[in-house]
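Given the coordinates of chain A, work out where chain B should sit on it, guided by the hints.
Keeping their order, the protein sequence lines are chains A and B.
Per my numbering, the first sequence runs over residues 1315 to 1818.
Per my numbering, the second sequence runs over residues 973 to 1094.
All the given hints hold, so there is nothing to weed out.
Among the chain A residues that face chain B by a calculated CB cut under 7 Å, a handful are: (1) 1447; (2) 1451; (3) 1463; (4) 1467; (5) 1469; (6) 1477; (7) 1485.
No lab work stands behind these hints, which were simulated from the structure alone.
Glycine included, every Cβ here is placed at the ideal spot set by N, Cα and C.
Each chain is listed here by its residues.
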Amino acid sequence: MIVPLPVFVAIPLATAFLLPIFGKKGKSVATVLANLATISLLVLSVASVGQSRVYEIGKWSIPLGINLVLDGLSSLLLLAISVVSAAAMFFSVRYMEQYTAKSKYLSLFMLMVAGMNGVVLSGDIFNLFVFLEIASLASYALVAFGCGHEELEAAFKYMVLGSIGSIFILFAVALVYGNTGSLNMAYIGKAIQSAGLNKGLTFALGLFIVGFGLKAALMPFHAWLPDAHPSAPAPISAMLSGVIIKALGVYALARIVFNVFGVSIPIGWLLIALGLLSMVAGAFLAIGQWDLKRLLAYSSISQIGYVVLGIGLGGLIIAKDGNIAWASLAMLGGLFHLINHAVYKSLLFLTSGSIQMSTGTRQLKEMGGLAGKLPVTRASCTVASASIAGIPPFSGFWSKLILVIAAVQAHFYWIAAIIVFVSLCTLIMYLKVQRYVFLGELPENLQDIKEHRGSMLISMLLLTCLCVLMGLLLLVPALRESILEPAAKVLVDGVSYSANVIGM
Amino acid sequence: MLYALCFLLFMIGLYCAVVKKNMVKIVIGILVMEYAVNLFLIMLGYRSGGVAPIVDKSQMDLGTGQIAADFLSSSVDPLPQALVLTAIVISLGSLALMISLCIRTYEKYGTFDITQIRRLKG
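Same shape as in the complex, but just chain A:
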């Protein structure tokens, strides 16, 4: 089925502006509409898997007009965004009843989805910046949605760092326009290939890395994430950790670095260093946390490190003219980890929301023995923990295995060792979660809690099934060739992106 590309932005955007009309009385209508929108986006993104084409907005041919590009990498991200947003939206049906102004929440949620879909489809760097701001502004407002002390503090911190990141990106866009005379990624790539990098463009590349690094919460730029992600309502934490940091940060970084500027050895090493730093420091900081959602947030930093490490390793191998097969294996591992992390980390945040709604606390020391009280939550949390720690046959194992194989084949034995070591740290932190939340003695004040039923359970169970089945994406050749390999190929092909887009 040929899906017109603007639909991916138009559906959530139209829904977002339609929903506030319903106000308090039409809350259930608004909820149904929002769910229909996310589910139809899921169907459309599944239908457009494996396709690649260019859409010129308003029939203005490039480079005059703005174009949307769908290729392997975009459709992988679209799939991740629509899976996580459908699950989080369905979870919110029940969970967001605790808050007032539900239709405003739904509206901001759809705005965020529209922004992310726009970022992954855009083929024009200024358009990418605009969609990035739409998604970021919606997410700042959603972090502050509870309007409590902590929410406001976290949202301000997030907003200041996020705005600085956005301004860096805008500055870089201006520099790129000044140096190449184009805003279209394909034409910028062509200009850079023919003229090479001058000082202005190198500075712009640095600004892009800092700006997208801030959005992706890579290690030196991570300060906002451990505050912002726990403060948001649970479905929004799932969206923020699951897809926002990947769509706005890692995807955009990879697209600009690999497809527009072209990867070089220093950039490869820089990405590897950022990835390793985030992995190790995020894991160490996570182990020491006693707030459940804060622990999950630090673990997100650690896991995003794996993705950047995989992409950077592939880039380094390409820049050194190494074996392309190893490079694409590293990229495949990174991207597979990206989509795995989207599923299991959003599941973990949803279970934390279910626990918080039942017990009224997020502190690990105040919980215990919940296994009998919250059986479904417990089961899904255990599956997600096993996935993130990399226990076979769950999804996280396969992506980490690929990363280790790629690192060993490229003779980076120490990187493979660090990957395994951080994996052990991850296992420790999730054993801690299991031990303090579900095992041990039930405290007096939690004797008569019960699990919330309905939509929350269904969306957790759906994501749990996905966690178990994700390994099939790699093991079944047909699925791998239609989803993962085209995505890795986009990054491996690098700057020939521009020729592909102009030719399409």
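For chain B alone, coordinates are given in the frame of chain A:
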């Protein structure tokens, strides 16, 4: 020279946003950064003594239907102006959100000093 001054303005904004302790001053710092970038974009397209990039009949070469070469070499670039308009609208939106966050935070904590607004640690 002008570009250096523009960059200086950007750095002043960044310094203000990073170092100041008052929430409103941080917001002002971010705005100064945004204005510096907007100024930079405008300067990219500017030409001293340039003309507005609007084509009318006098600039058309009537024989060939092409735009006259001296118009092309003297008109300013209109694209950065369009970009700046978009960027200004976006920064307006984010400014409104930032200020409303400041007001709500002031209502809760009774202060704008970020060293006293520290419930989240670790």
